[in-house]
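Asker: Given only the sequences and the hints, what does the whole structure look like? Please build it.
Top line first, the protein sequences correspond to chains A and B.
Residues in the first sequence are numbered consecutively from 1, following our numbering.
Residues in the second sequence are numbered consecutively from 1, following our numbering.
Please note that a few of the clues may not be correct.
[To be verified] If we take Cβ atoms under 8 Å as the criterion, some of the chain A residues that face chain B in the derived model are: (1) Leu-26; (2) Gly-40; (3) Ala-41; (4) Leu-49; (5) Ser-52; (6) Cys-83; (7) Ser-91; (8) Leu-95; (9) Gly-126; (10) Arg-133; (11) Gly-134.
[Unchecked claim] Incomplete in silico selection of chain A near chain B, CB under 8 Å: (12) Gly-11; (13) Leu-45; (14) Asp-54; (15) Val-57; (16) Val-89; (17) Lys-203; (18) Leu-206; (19) Gly-210; (20) Thr-218; (21) Thr-224; (22) Arg-287; (23) Leu-324; (24) Ala-325.
Worth flagging that the hints you see were computed from the coordinates, not collected in a lab.
Glycine residues also receive a C-beta, built at the ideal position from the N, C-alpha and C atoms.
There are 2 protein chains.
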Amino acid sequence: MTEEIITLDYGSGGGKTAELIEELFLPAFHNDTLNRLGDGAVVNLSGALAFSTDSFVVSPLFFPGGDIGKLAVCGTVNDLAMCGAEPKVLSLSLLIEEGFPVEQLRRVAASIAAAAEEAGVEIVTGDTKVVERGKGDGLYVNTSGIGTVIYPGLSPDKITPGDAVILSGTMGDHGATVMMAREGLAENSPLRSDCRPLHRLAKAALDCGGVRVLRDPTRGGVATTLNEFTQNRPFSMELEEEALPVAPAVQAACDLLGLDALYCANEGKLLAVVAKERSSAVLEALRHTPGGEDSALIGQVTQRAPGKVLYHTALGGCRVLARLAGAQLPRIC
Amino acid sequence: MTEEIITLDYGSGGGKTAELIEELFLPAFHNDTLNRLGDGAVVNLSGALAFSTDSFVVSPLFFPGGDIGKLAVCGTVNDLAMCGAEPKVLSLSLLIEEGFPVEQLRRVAASIAAAAEEAGVEIVTGDTKVVERGKGDGLYVNTSGIGTVIYPGLSPDKITPGDAVILSGTMGDHGATVMMAREGLAENSPLRSDCRPLHRLAKAALDCGGVRVLRDPTRGGVATTLNEFTQNRPFSMELEEEALPVAPAVQAACDLLGLDALYCANEGKLLAVVAKERSSAVLEALRHTPGGEDSALIGQVTQRAPGKVLYHTALGGCRVLARLAGAQLPRIC
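Answerer: Right, here's the structure in full:
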């Protein structure tokens, strides 16, 4: 690379764009499909395919446990895994602000490559745009992905009263870490984003049978995802405060910032709603899979208050866990 | 919608995000796959698939002949069509700046829906993020898409000396229009972006046989795409200035702005390199397809200066048409 920062020329589609692709991206992501560099990639896949897209605008770009690159790969890989699919290929589109350091771009590219390798996916096609200083915020990343559906038919419509609600670990680690990092308070704390690919945990749960639906509770957290499940459906979900796993550092960060871990983003956890008779098997399978050691049964599906999520506090109270209208935490992913 | 402008709450993943999706996007793009609203869409496709992504940062967002929404659909549809594929499904990811008018978002959504219908594709999955005022520029759009490959094996590696180079119409209409619109000079001129889906033109050419490669000359224009074909390959391309179609208004705009139409972006033209014996058939087929009426044979593949694009001027001179290093026109798409 002939420059130390990204200039508008790198988004021109001309020689500078080619330099960026050939000297930075191809070496990082090298695979035969990407190397062909046509207008698109050609891949061989068949049958029911999952297709998902996500743009990432997290601030700061680098945080304990990850960065925007790892987040962008895991985010789309996880959306595919939640569809019951094996993630196969990703596209990568970068929106870079003029003046962004090439060195940081290299770090993000390395992080994307590492996360893709861990998740077993290839970056097969991409795009780069550069916008003027003040028209972006360093770097925004979009990934889209395709996976082959191995376990068809997952849907919240399959949820039945009596089902168990399982969470694959502690809540709110990503959201709390990013918020504290934004205040410069995360470096010397034990806080780390939980950002990780969930394809192995999803497979472990699905192989047990009885899984009605999977979802990764990102923006809006566990409370929002459960509300999406119950809304306009003929069942309620009831959670037990004491059953909800929260890391002490996350609880402390939430107390400090006035946040609720139930609404904090996760980037490496899945929620599984499972037929009661398979719930122990799913819980055991998750606990024996890396990243799922702290999996917990957090609640049940009931008919007590259809459409709502009920929350039983440790003190014996019960309240409705509302869906948030707006932003508890902007730009968390 | 309860607000007239987009606030950060609309990107929260909570109730406001749901409102945006349910009241604005679902009615605009309604289809069964999108309506299911999981983490991703499940689609049934088989065999060789083309997969492409593109982010759009055009300024201004609205210009004669199109807007960022139409551009985003056509851009990805065209990348798929250039792979010899029939475009099938698109993802849509919006990156909205806080304060963006809901009314403009509605216009863009309507434009996306109309372009998708014309191109025969469905928007099956999406994502919305909102960034703070001053961290974006109104609206950025990413589309990714999947198509089924109908005509496999297109590649610049297939190009052979003697082949014909065909362009499906006039050069530089999109680039010249956007630049003039940025200066406020396009409204009362005959300039219009050529933005359109190219799937029918691609099919018309490919059905004739003999097509080596297709490419839509967007950023960097015809000159840049032809340089991508010749670079490090054992042939040259020779163009005739007099054979290159340029609309008078585009030529006037280029003269005014000091631009060269050969390097100006097109968003509704394709370049086809075709075996000589099929070139008349391809030219006729393109001319009889809407949007291809002004198709022209613009040059030949030769062995005169391998790796280079040569340009024969109307006055009898000959020069090398270089690849631009950087930006002639930033943020044109």
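Asker: Which of the stated hints cannot be reconciled with the structure, identified by number in ascending sequence?
Answerer: 1, 10, 17, 18, 19 and 22
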